[in-house]
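**Student:** Let's have the full structure, built from the sequences with the hints guiding it.
Numbers -23 to -1, 1 to 311, taken from mature numbering (1 follows the signal peptide of the UniProt record, and there is no 0), label the letters of the sequence shown in order.
Think of the hints as simulated: they come from the structure by calculation, not from any bench.
None of the values given here were measured: they were computed from a predicted structure.
Just so you know, even glycine gets a beta-carbon here, dropped at the ideal spot from N, CA and C.
One thing to keep in mind: the hints can contain errors.
Said to hold, decoys possible - No more than 16 Å apart at the CA atoms, straight line, and that leaves these computed lysine to aspartate or glutamate pairs for EDC-like:
1) Lys25 - Glu248
2) Lys205 - Glu152
3) Lys244 - Glu3
4) Lys140 - Asp306
5) Lys273 - Glu300
6) Lys257 - Glu3
7) Lys296 - Glu13
8) Lys161 - Asp126
9) Lys158 - Glu300
10) Lys235 - Glu68
11) Lys158 - Glu122
12) Lys205 - Asp221
13) Lys213 - Glu111
14) Lys164 - Asp126
15) Lys79 - Glu248
16) Lys207 - Glu183
17) Lys79 - Glu241
18) Lys161 - Asp306
19) Lys158 - Glu111
20) Lys31 - Glu13
21) Lys16 - Asp35
22) Lys25 - Glu254
To be verified - Across the chosen pairs, the derived CB separations fall in these ranges:
23) Lys79 - Glu3: 23 to 31 Å
24) Glu209 - Gly48: 50 to 58 Å
25) Pro208 - Gly71: 44 to 52 Å
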Amino acid sequence: MLVPQRLLTALALTLIGSTAAQAADEVVVYSSRIDELIKPVFDAYTAKTGVKIKFITDKEAPLMQRIKAEGENATADLLLTVDAGNLWQAEQMGILQPFTSKTIDANIPLQYRSSSHAWTGLSLRARTIAYSTERVKPGELTTYEALADKNWEGRLCLRTAKKVYNQSLTATMIEVHGAEKTEKILKGWVNNLSTDVFSDDVAVLEAINAGQCDVGIVNTYYYGRLHKQKPELPVKLFWPNQADRGVHVNLSGIGLTKHAPHPEAAKALVEWMTTPEAQKIFADVNQEFPANPAVKPSEEVAAWGEFVADTLPVEVAGKRQAEAIRMMDRAGWN
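**Tutor:** Here it is as structure tokens:
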């Protein structure tokens, strides 16, 4: 039996619409975050909306290269990663597409978003000073810059300069102080090292605990993790630069890929992730600070004390990243 062409066309359009609707029920996220830190957030969204979230985890550089290589045949709808320096890099690679959202603008302060709307912050972490409660009095500490002073010689621990967290801190210092003064500070830090640089922040904290050094610079959530395992840890956090620009704050954030297969579903997920419901999960799971100022940090994080944060737009960390890396190399910070 012959089927009229109009009926065939109608059936085809119905099938296409059905496939598109089904596809929109899943969002694919390329993520450089540890699985257990983001799965609770995605599970909550799926339970709320029925939209499934598929996430593929790897380091940020391979993920960004994968998105670039896939091009128009994109698999990922979203890139989730840490540090504004990485998000800036993804933006410069042309693998993200900007989108505006009144919801995101209302929930996340301007300094934690891309000025081109290519990405937004989701959770915050302070990169601050950790010190031995047995060998250092809080009154001895003041600023990041002061760790270059002679009295800290042989007492400082640092993580490698190869980590973007330190590159971003250096980049913001260049923005504030200029190149000449910042390089002098970095050389002072390197001169004050008590030992070779460490591969991660937990190792810095353990070195302070073991007496290898008295002070170090770490991300707050690493301290939170270790303190949870060792409540009696004789190491505390100090909030520097409270009399001037404030504590350096960076973020984890997310961006919509240039050729996202399901852009509208992906945008809806990003918007929800900036709401109080999602922000609380995000912050509590990893002991981070919510990027949405309407949401309070967990009790444990709040116990570290309040501080004045730097108001510098975090995208500066990306803009000055290359300059920071060259400077750290000249200073002998490896």
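**Student:** For proline 208 and glycine 71, compare the CB-CB distance with the range 44 to 52 Å and indicate the outcome.
**Tutor:** holds (47 Å)
**Student:** Quick one: are lysine 79 and glutamate 3 within 23 to 31 Å, going by C-beta?
**Tutor:** Roughly 26 Å apart at Cβ, these two residues keep to the hinted range, so it holds.
**Student:** Checking one constraint from the list: CA of lysine 25 to CA of glutamate 248, max 16 Å. Satisfied?
**Tutor:** Measuring from Cα to Cα gives roughly 14 Å; hence the hint holds.
**Student:** Would you check the hint for lysine 140 and aspartate 306, treating anything up to 16 Å between C-alpha atoms as holding?
**Tutor:** holds (13 Å)
**Student:** Are lysine 244 and glutamate 3 close enough, with their CA atoms no more than 16 Å apart?
**Tutor:** It holds: about 12 Å lies between the C-alpha atoms, which stays within 16 Å.
**Student:** So if I understand the rule, the pair passes when the alpha-carbon distance is 16 Å or less; does lysine 205 with glutamate 152 pass?
**Tutor:** violated (35 Å)
**Student:** Sort out whether glutamate 241 lies within 16 Å of lysine 79, counting only the CA atoms.
**Tutor:** OK: lysine 79 and glutamate 241 at ~15 Å, within 16 Å.
**Student:** Next pair to validate is lysine 257 with glutamate 3; report whether the Cα-Cα distance is within 16 Å.
**Tutor:** violated (23 Å)
**Student:** Mind checking the alpha carbons of lysine 296 and glutamate 13 for me, to see if they're no more than 16 Å apart?
**Tutor:** Given pair lysine 296, glutamate 13 is violated - Cα atoms ~31 Å apart, limit 16 Å.
**Student:** For lysine 158 and glutamate 300, compute the direct alpha-carbon distance and say whether it is at most 16 Å.
**Tutor:** Holds - the C-alpha atoms of glutamate 300 and lysine 158 are around 14 Å apart, at most 16 Å.
**Student:** Has the given pair, lysine 158 with glutamate 122, been kept, meaning a C-alpha gap of at most 16 Å?
**Tutor:** holds (10 Å)
**Student:** For the pair we were handed, lysine 16 and aspartate 35, check the Cα-Cα distance against 16 Å.
**Tutor:** holds (15 Å)
Checked against the numbered hints given earlier, this structure breaks hints 2, 5, 6, 7, 12, 19; the rest are met.
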